[in-house]
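This is what each chain is made of:
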Amino acid sequence: AQSVAQPEDQVNVAEGNPLTVKCTYSVSGNPYLFWYVQYPNRGLQFLLKYITGDNLVKGSYGFEAEFNKSQTSFHLKKPSALVSDSALYFCAVRDIKTGANNLFFGTGTRLTVIP
Amino acid sequence: ETGVTQTPRHLVMGMTNKKSLKCEQHLGHNAMYWYKQSAKKPLELMFVYSLEERVENNSVPSRFSPECPNSSHLFLHLHTLQPEDSALYLCASSQDPRGATNEKLFFGSGTQLSVL
Numbered sequence: 002a003q004s005v006a007q008p009e010d011q012v013n014v015a016e017g018n019p020l021t022v023k024c025t026y027s028v029s030g031n032p033y034l035f036w037y038v039q040y041p042n043r044g045l046q047f048l049l050k051y052i053t054g055d056n057l058v059k060g061s062y063g064f065e066a067e068f069n070k071s072q073t074s075f076h077l078k079k080p081s082a083l084v085s086d087s088a089l090y091f092c093a094v095r096d097i098k099t100g101a102n103n104l105f106f107g108t109g110t111r112l113t114v115i116p
Numbered sequence: 003e004t005g006v007t008q009t010p011r012h013l014v015m016g017m018t019n020k021k022s023l024k025c026e027q028h029l030g031h032n033a034m035y036w037y038k039q040s041a042k043k044p045l046e047l048m049f050v051y052s053l054e055e056r057v058e059n060n061s062v063p064s065r066f067s068p069e070c071p072n073s074s075h076l077f078l079h080l081h082t083l084q085p086e087d088s089a090l091y092l093c094a095s096s097q098d099p100r101g102a103t104n105e106k107l108f109f110g111s112g113t114q115l116s117v118l
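These protein sequence lines map, in sequence, to chains U and L. Take any residue in the first sequence, count from 1 to its spot, add 1: that is its number in the working numbering. Take any residue in the second sequence, count from 1 to its spot, add 2: that is its number in the working numbering.
Isolated chain L, as found in the complex:
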């Protein structure tokens, strides 16, 4: 166990549904991240939160909406997704709130999302 828990493990949704992905870290870390993993593509950094403030948004469509209510929890709210959004969504955390450049990330097991 890495100390980062993601729920649900699998999610199937229609294009008109609204759903949320949840991430919880039990490591006392100060920065949290959402990544998208698609086959044969590099991991895509979507959002970064440092001390509960969003510090990075990598041109992610507005149908993805992150929320970080406290330093231990991170959500990704999904609305009117497209089939090409089907992927593994990974949450990660790191200790330093600045996301120091020599730090390692701790990843959750991910949510496998299928959009029909």
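Looking at chain U on its own, in the form it has when it is part of the complex:
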């Protein structure tokens, strides 16, 4: 079975500080991993993805994520948080073995950046 866990419902960080949003995954084969962001009253927007290659992936708005196979993690990071980064963040995984349409999302983590 494949799944994604986002252990924190809520993350608060002061503006200018580094932020981390955690994600761990479980798949039977090799994962394709994604981060999406949802701003208020909007749909999800793609941030970044890991398919293969370099474990450190850079995405939109200065975000990056590090794929760690031994820890089955794909944490989202940003060196310096902005108030405008406040949103709901979703981690998602696709299992290469099970088929193209099965994208499994986590429950989301609400990030609040405090001015």
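FYI, nobody ran anything at the bench for these hints, they're computed from the structure. Using N, Cα and C, we set each Cβ at its ideal position, and we do this for glycine too. Accuracy of the hints is not assured; some may be wrong.
To be verified - Here are the in silico distance ranges between beta carbons for each label pair: (1) ALA2(U) x PRO63(L): 18 to 26 Å; (2) VAL84(U) x ASN59(L): 36 to 44 Å; (3) SER22(L) x GLU16(U): 40 to 48 Å; (4) PRO41(U) x GLU69(L): 27 to 35 Å; (5) LYS59(U) x HIS28(L): 22 to 30 Å; (6) LYS59(U) x GLN97(L): 18 to 26 Å; (7) THR82(L) x GLU67(U): 46 to 54 Å.
Once you've looked at the hints, dock chain L against the given chain U.
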């Protein structure tokens, strides 16, 4: 704007009503999806259409009935819903008709549905 438009933005309906949600994508994509978003739960994939054919139905109750008349439009017909069906319903699209595993999805803003 993501190029995926959903209407209406908000919908309140009684359990005996029939209503429809509409999704339109202006991206020339070949696959379209319906997701259900409930608080504190993972997004649930409901249906997938590839080149206007339904390729996935994730054990969704029959009170939800999808329709894809062409590659740009997707509907979700609702009939005799239950209060627990209240949620944000998101439409998404992707380029590759196979829904290739390394593709990103483009989401609409969703329809917030309340069932009374």
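Tested hints:
1. ALA2(U) x PRO63(L): 18 to 26 Å: 22 Å, holds
2. VAL84(U) x ASN59(L): 36 to 44 Å: 41 Å, holds
3. SER22(L) x GLU16(U): 40 to 48 Å: Cβ of SER22(L) to Cβ of GLU16(U): about 43 Å, so the range 40 to 48 Å holds.
4. PRO41(U) x GLU69(L): 27 to 35 Å: Holds, since PRO41(U) and GLU69(L) (Cβ atoms, about 30 Å apart) stay within the stated range.
5. LYS59(U) x HIS28(L): 22 to 30 Å: 28 Å, holds
6. LYS59(U) x GLN97(L): 18 to 26 Å: Roughly 22 Å apart at Cβ, these two residues keep to the hinted range, so it holds.
7. THR82(L) x GLU67(U): 46 to 54 Å: 47 Å, holds
Going through the hint list in order, the structure satisfies each hint without exception.
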